[in-house]
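2 protein chains.
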Amino acid sequence: MTSQITMTVLPDFPLVKPGDDIAGLILDAAQRAGIELADGDVLAVAQKIVSKAEGRLVNLSQVAPGARAQEVAAATAKDPRVVELILRESDEISRMRPGVLIVRHRLGFTSANAGIDRSNVAQEGEDETVLLLPVDPDASAKAIRQEVSRRTGHVVAVLITDSHGRPFRLGTVGVAIGTAGMPALWDRRGESDLFGYALQHTEVAVADEIAAAAGLLMGQAAEAAPVILVRGLALPRQEGSAADLLRSKEKDLYR
Amino acid sequence: MTSQITMTVLPDFPLVKPGDDIAGLILDAAQRAGIELADGDVLAVAQKIVSKAEGRLVNLSQVAPGARAQEVAAATAKDPRVVELILRESDEISRMRPGVLIVRHRLGFTSANAGIDRSNVAQEGEDETVLLLPVDPDASAKAIRQEVSRRTGHVVAVLITDSHGRPFRLGTVGVAIGTAGMPALWDRRGESDLFGYALQHTEVAVADEIAAAAGLLMGQAAEAAPVILVRGLALPRQEGSAADLLRSKEKDLYR
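Protein chains in written order, with our numbering: chain A, 1 to 255; chain B, 256 to 510.
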């Protein structure tokens with residue numbers, strides 16, 4: 001049984017630009033720090049650097065808000081161009097009021113502003129840009145994983161993390177929006193005799209717990225420490241997807 | 256800046272009985288493992304052992320369900336005696352349907368079955384018992400912290416953790432239901448220029464992130480590894496309360 005987990009920042013990670021090779025940057029950073037990757041390692045990677053490498057920056061001067069975006073922008077007191085992008089990235093609006101726009105993202109999770117963020121990107125003038133989430137974070141995780149495994153010969157897992165707010169509870173926590181090489185949801189039914197609401201109590205959102213743990217080191221200024229090496233986890237060798245963490249409408253009592 | 260966090264199980268933790276001294280058991284377990292506590296250490300303690308030490312076991316044979324409990328038990332297909340305890344522990348029912356009873360606990364958080372659990376307690380016959388949450392987990396954390404500090408001379412933080420399900424997302428994650436000697440919510444506004452829903456994005460639920468991290472080692476069979484030593488966190492020296500993590504009704508769009 002696992003008795004110790006270590007989480008280590010890959011230090012001096014460079015600023016990431018569109019087209020960059022994240023796997024290569026990870027291996028370079030590990031090498032500079034004298035860290036050799038090993039089988040069973042988990043790499044938690046902040047969404048922002050994946051999005052940047054994939055060129056998901058959008059210049060707001062090139063966004064023409066439609067009628068619906070204008071309406072929602074008026075209701076939420078937000079920039080209509082950003083609202084246009086949020087709506088394009090979303091399947092439906094979950095809640096809105098002045099200052100708040102929570103949507104069901106096309107990837108299936110529910111979050112503020114469809115994960116679109118202005119932080120750590122240019123803020124003003126002609127270059128005013130925002131950053132969208134990766135098109136397919138599970139695929140991004142898989143690509144990084146395959147490249148790391150190919151170059152090192154080690155079997156690692158990769159997860160792409162973001163920070164989400166939550167109903168009922170204040171503050172953001174790290175969550176997994178993409179996973180590769182590990183289960184996202186760990187079915188532990190049978191391991192203990194639990195009462196009631198059994199499914200909820202016996203499936204552990206292990207990818208979200210790892211993302212939250214990594215969030216302790218990434219902080220919110222994720223640019224500084226965008227990759228955390230997590231070592232010592234004893235996960236079953238199962239392939240999962242971040243989609244496994246999403247409640248279907250039918251199982252969700254809080255839509 | 257912190258660059259590494261280690262999380263270590265305090266091994267061979269004994270079974271806890273009503274009246275046990277949790278701080279003493281923690282120090283004994285640490286000593287047996289050759290671990291010396293240090294300033295800045297955080298001890299994540301599973302709710303179950305705190306509840307047991309505080310004698311929060313209830314024998315179901317001594318519970319007489321009232322009329323309301325009978326109604327709710329019929330609607331949820333649950334044991335009326337357990338429902339009676341859930342209602343006593345709660346301020347209001349949040350959602351119910353067959354197999355599901357989610358309440359707003361008297362402590363303020365929203366969770367299934369008011370955190371009442373049959374796992375790892377006697378299951379059948381005359382001794383059928385369930386375990387309620389601690390009466391005041393912040394006070395429990397504070398008492399453990401003070402006793403550990405008194406006996407070791409080191410300034411540590413303590414959090415009491417439980418596993419909760421969540422709206423929108425499947426699987427349980429560790430959350431903090433009691434804290435002492437650390438902030439529960441870490442206000443990082445000003446550290447980055449974030450867009451929109453600013454409050455949510457810049458306050459980090461650091462106690463919940465630690466609880467989730469500890470959950471990776473506690474597993475669901477919390478009896479096996481109920482105390483995790485977390486070392487290497489660079490938290491501000493602030494005193495917080497688990498209540499800081501609770502959204503007020505006014506700020507919650509999902510009631």
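Honestly, the hints are just simulated from the structure, not real lab data. Errors might be hidden in some of the hints.
Unchecked claim - In silico DSS-like cross-links for lysine-lysine, where the CA-CA straight-line distance does not exceed 25 Å:
1. Lys504(B) - Lys249(A)
2. Lys142(A) - Lys17(A)
3. Lys397(B) - Lys272(B)
4. Lys249(A) - Lys506(B)
5. Lys251(A) - Lys272(B)
To be verified - Quick look at which bits of chain A chain B covers, simulated, 3 or more residues with Cβ under 8 Å:
6. 96-103
7. 205-213
Positions of the beta carbon are idealized from the N, C-alpha and C atoms, including for glycine.
Hints, one by one, checked against the model:
| no. | hint | result |
| --- | --- | --- |
| 1 | Lys504(B) - Lys249(A) | 23 Å, holds |
| 2 | Lys142(A) - Lys17(A) | 20 Å, holds |
| 3 | Lys397(B) - Lys272(B) | 20 Å, holds |
| 4 | Lys249(A) - Lys506(B) | 23 Å, holds |
| 5 | Lys251(A) - Lys272(B) | 37 Å, violated |
| 6 | 96-103 | holds (count 5) |
| 7 | 205-213 | holds (count 7) |
Of the numbered hints given earlier, the model fails hint 5 alone.
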